[in-house]
Structure formats: structure tokens, C-alpha cells
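Asker: Sequence:
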Amino acid sequence: MPLYKTLRRRLHSAAARRSPQRFPIVVVIILLFALGFLITQASGFLKDVATQMALSDATDIITAVVNEKINEKMSEGKYDYDYFVTLQKDESGDITAISANMTRINSLASEILREVISSTTSGAIDIGIPIGNLTGSNILLGRGPKIPVKVIMLTSSFADFRNEIAAAGINQIRHQIILELTVEIDVLMPWHVESTKVLSEVLIAETIIVGSVPDTYLSLNTP
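Residue numbers for the sequence shown follow our numbering, beginning at -16 and rising by one.
I should point out that these hints are in silico values taken from the structure, not numbers from a laboratory. Since the model is a prediction, treat every value here as computed from it, not as a measurement. Misleading hints may appear alongside valid ones.
Unchecked claim - Below, a list of computed lysine-lysine pairs in the BS3-like style, where the Cα atoms sit at most 25 Å apart:
no., residue 1, residue 2
1, 61, 129
2, 72, 61
3, 180, 30
4, 133, 180
5, 133, 30
6, 180, 72
To be verified - If you anchor each label on the Cβ, the simulated ranges turn out as follows:
no., residue 1, residue 2, range
7, 124, 150, 30 to 38 Å
8, 125, 69, 24 to 32 Å
9, 22, 55, 46 to 54 Å
10, 179, 69, 17 to 25 Å
11, 87, 182, 18 to 26 Å
12, 86, 179, 27 to 35 Å
13, 73, 39, 46 to 54 Å
14, 141, 173, 28 to 36 Å
15, 54, 75, 22 to 30 Å
16, 73, 177, 50 to 58 Å
17, 93, 44, 19 to 27 Å
18, 150, 79, 12 to 20 Å
19, 102, 17, 47 to 55 Å
Backbone N, C-alpha and C define an ideal beta-carbon position, used for all residues, glycine too.
Using the sequences and the hints, build the whole thing.
Answerer: As C-alpha cells, this is what we get:
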């Protein structure tokens, strides 16, 4: 047998022995890259879901605290329409102006904000999101380890109010004063910090005014 044929057979035999080993390595590398990609995508998706859940839970908790403090304040009995508003009349008794007492409204808003913050631990609330909630399954709801989340209320929170006047019948108007409390919060998660605002509205004064509607106007100045 010629020498070149012997060498050719040996090379072919060696290549045949190596190829079965090389093929699994390539497949393993591809599978590892694919697995890493899927894990990265799934991790990002779950973080997004957890972030939205944390923001939703934080908003619900802050809203509940604010509403509780507002109800406690309003139930004291001293806050009625006449406490916040002064009606100015002419000699015939017709109402000529409606003046909102800004000092009292702002004082009430500040008290509520202070009590909201003081009801927590230095303006912070700790909550947890069970990992089972991220699956969307009712069976796993509330199950599994909890992702720690801290909600911090910022001192930049503020309050405002608005007046609403609407016709309530012939020569009658309905005047409402609505307090708007905006609580700015930071939601701290292990991978991210998200900032948001929680707006709460409450009706603090309301009355029906009988009189000449065109001659009635609203003054936002302190009487």
C-alpha cells in the first residue's frame, strides 16, 4: 500500500474521532448563550413587573394614610363651610362675594401633611412584594419570599385647593372647596429607585347659595 494512502486513512480516522467531541461543545456553547439571553430577558421583565407592583402598593398605602388623617381631622366637627368661607352681602341681603379664608385652608393642609408623615417611622414605610405575585397566578398569590421595598415620603410634598361653582337650580349655585394633597415619594427597591406623586382630593366645604348668580363672584384672597 502506498505511503500517501496510509497517511490519508490515518488523517481521516483522526478527524472522525475528533468531530463527535467538537460538535457537543459547540451545542453547549450555543445553549449557554441562549439560556443567558433568556435569563436576562426574564429578569428584566420580572423587575418591571415588580416595579409596577411596588408603585401601585405604595400609592394605595399613602392614599389610605392620607384619607385616614383627613377623615380624622374633618370629624372633629369644627371644620364647616363658614370656617373656610365668608359670604359678603349688600344692603338688600344679596350675596356679592364669596371669600375663601386661605389662612385656615393652608393651616388645615399643613396639619394633615404633618400628621401623615408623623404616622409613619420618620416618613418611611416598609412593604414587601411576595415573589409569587410576579407570576400572575392566583395560586401563588402572596406566596414565596418577599422583595423588600421602602417607601419614603419627601418634604417637598405640598397642598393646594380649588373652588368649584356650578348651577344648582334657579338662582342657586353650589359652591365646593376641594383640598388637594400631593405627597411626593421615593420607592426604594433592591435594583432601582422610583419617584412618583400621590394625589388625594377631599371635599372640605360645600353649600348651596341662593341669590343672583351673575352678581356672585369668588375671591381667593384672605378676607
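Asker: Would you mind marking each hint as holding or not holding in the structure?
Answerer: Hints and how they fare:
no.: 1; hint: 61 x 129; verdict: 44 Å, violated
no.: 2; hint: 72 x 61; verdict: 24 Å, holds
no.: 3; hint: 180 x 30; verdict: 21 Å, holds
no.: 4; hint: 133 x 180; verdict: 15 Å, holds
no.: 5; hint: 133 x 30; verdict: 16 Å, holds
no.: 6; hint: 180 x 72; verdict: 41 Å, violated
no.: 7; hint: 124 x 150: 30 to 38 Å; verdict: 48 Å, violated
no.: 8; hint: 125 x 69: 24 to 32 Å; verdict: 52 Å, violated
no.: 9; hint: 22 x 55: 46 to 54 Å; verdict: 49 Å, holds
no.: 10; hint: 179 x 69: 17 to 25 Å; verdict: 37 Å, violated
no.: 11; hint: 87 x 182: 18 to 26 Å; verdict: 22 Å, holds
no.: 12; hint: 86 x 179: 27 to 35 Å; verdict: 30 Å, holds
no.: 13; hint: 73 x 39: 46 to 54 Å; verdict: 52 Å, holds
no.: 14; hint: 141 x 173: 28 to 36 Å; verdict: 30 Å, holds
no.: 15; hint: 54 x 75: 22 to 30 Å; verdict: 40 Å, violated
no.: 16; hint: 73 x 177: 50 to 58 Å; verdict: 55 Å, holds
no.: 17; hint: 93 x 44: 19 to 27 Å; verdict: 22 Å, holds
no.: 18; hint: 150 x 79: 12 to 20 Å; verdict: 18 Å, holds
no.: 19; hint: 102 x 17: 47 to 55 Å; verdict: 50 Å, holds
The earlier numbered hints that this structure contradicts are 1, 6, 7, 8, 10 and 15.
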